[in-house]
Amino acid sequence: NAGVMQNPRHLVRRRGQEARLRCSPMKGHSHVYWYRQLPEEGLKFMVYLQKENIIDESGMPKERFSAEFPKEGPSILRIQQVVRGDSAAYFCASSPPGSPGTIQYFGAGTRLSVL
Amino acid sequence: SQQGEEDPQALSIQEGENATMNCSYKTSINNLQWYRQNSGRGLVHLILIRSNEREKHSGRLRVTLDTSKKSSSLLITASRAADTASYFCATANNTGTASKLTFGTGTRLQVTL
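Here the protein sequences line up with chains Z and R, keeping their order. For the first sequence, our numbering gives the first residue as 1, with consecutive numbering after it. For the second sequence, our numbering gives the first residue as 1, with consecutive numbering after it.
Excised from the complex, chain R in its bound form (with noise of 0.2 Å):
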């Protein structure tokens, strides 16, 4: 089954808007992290919410988790063109040594002037 979807897969938002992702996924989790991605380029990572957590704020942004539904939420206040980049959900399940991290298939965000 697949693991963090992220909707919606696009968004187009003007300067100044509020943008908000969403995210679901399936199994069981210690953290749900939030990385952004810039075309051709690396991710980066935003914020890291714990599954005892219900909700965060760094910055702009602002995310929250429900483990009941099994969703978070990426809200990013005051858009600015610079925000212009695919956003992705991952999930960790962290079983003894194993690390790895899950992601969805992503939301392409386009901030416009």
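So here's chain Z without its partners, still in its complex pose (with noise of 0.2 Å):
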């Protein structure tokens, strides 16, 4: 009965390299969110997934920034050319078909460090 899974848990990266963060959600979980947080803040949403499909990405950076939850595998978020603007903690949340917006479960997230 696993929860919410991330890797990397941390992942280093030199600028102008690319980032793939993984999210494997809840088993029976349909509904994939991503947020970014910067130090002693919190969470910013950035993308909402279904199975292949993007449902909000309101706020997701206009470039460089991607996400997708195909029909098989995890859920991916890339960040292309990397900054050091970007380092941060990427947290994964699901939840379950049929009630998006209550009840999310989050992963223990991946730390970003840009050099």
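Source of the hints: derived by calculation from the structure; they are not laboratory data. Ideal placement from N, C-alpha and C gives every residue a C-beta, glycine not left out. Among the hints, erroneous ones may be present.
[As the list claims (entries may be wrong)] Under the rule of at most 27 Å between Cα atoms (straight-line distance), these lysine-lysine pairs were calculated in the DSSO-like manner:
hint, chain 1, residue 1, chain 2, residue 2
1, R, K56, Z, K71
2, Z, K27, Z, K62
3, Z, K44, Z, K71
4, Z, K71, Z, K27
5, R, K26, R, K56
6, Z, K62, Z, K51
7, Z, K71, R, K26
8, R, K69, Z, K44
9, R, K56, R, K69
10, Z, K27, Z, K44
11, Z, K71, Z, K51
12, Z, K62, R, K69
[Unchecked claim] Stretch-level coverage of chain R by chain Z, calculated; a stretch enters the list once three of its residues show a Cβ under 8 Å from a Cβ in chain Z:
hint, segment
13, 15-25
14, 64-73
Fit the two chains together into the complex; they arrive one by one in their own frames, and the hints show the way.
Structure below.
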């Protein structure tokens, strides 16, 4: 009965490299959300996906960031050409079908450090 | 505008005392939730209160919601050292299929022995 699994837990990248963050939702959950947390701040919504569909990407930066949730496999948050300002903790959450916007179950996060 | 602002930003109490945290928000909501985050970890859901509810209890937790003032409070009674964490309120405003949570900046609670 695993919870939301994120990997890697820590990721170090140099400026200009690509970062790929993975999230496997809880079993039976079809809604996935990505949030970003800067030090000493709350979480900021980035994107909400269902299987093969992006539902709400209003929090995603216009460039370099993309997200997907394929039919098979985990959800991926991809950051191209990373910059120091991308350093943050990225959290994924999931919720069951039929009840979006209620309780979201969070993973432990991926801490991205850009050198 | 900032949605979900908690106060105080930091709170230090002794074990056994009660801790009260407040949250204010700006837009209409469907529900308000409180989450806890231990240092360096993910968020754990504590309690959800719907917009038509005024008070809710769960164990040592008591949450109130005043939609006329757009505010909520979280009370932790008989605090323990293990309650040391950051606490965030989050509002949900489900419009269509959009279901994002809007988090406040959090209250850092320190419970000392």
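We went through each hint and held it up to the structure:
| no. | hint | verdict |
| --- | --- | --- |
| 1 | R:K56 x Z:K71 | violated (38 Å) |
| 2 | Z:K27 x Z:K62 | violated (31 Å) |
| 3 | Z:K44 x Z:K71 | holds (26 Å) |
| 4 | Z:K71 x Z:K27 | holds (14 Å) |
| 5 | R:K26 x R:K56 | holds (21 Å) |
| 6 | Z:K62 x Z:K51 | holds (22 Å) |
| 7 | Z:K71 x R:K26 | violated (37 Å) |
| 8 | R:K69 x Z:K44 | holds (24 Å) |
| 9 | R:K56 x R:K69 | holds (17 Å) |
| 10 | Z:K27 x Z:K44 | holds (25 Å) |
| 11 | Z:K71 x Z:K51 | holds (6 Å) |
| 12 | Z:K62 x R:K69 | violated (35 Å) |
| 13 | 15-25 | violated (count 0) |
| 14 | 64-73 | violated (count 0) |
Checked against the numbered hints given earlier, this structure breaks hints 1, 2, 7, 12, 13 and 14; the rest are met.
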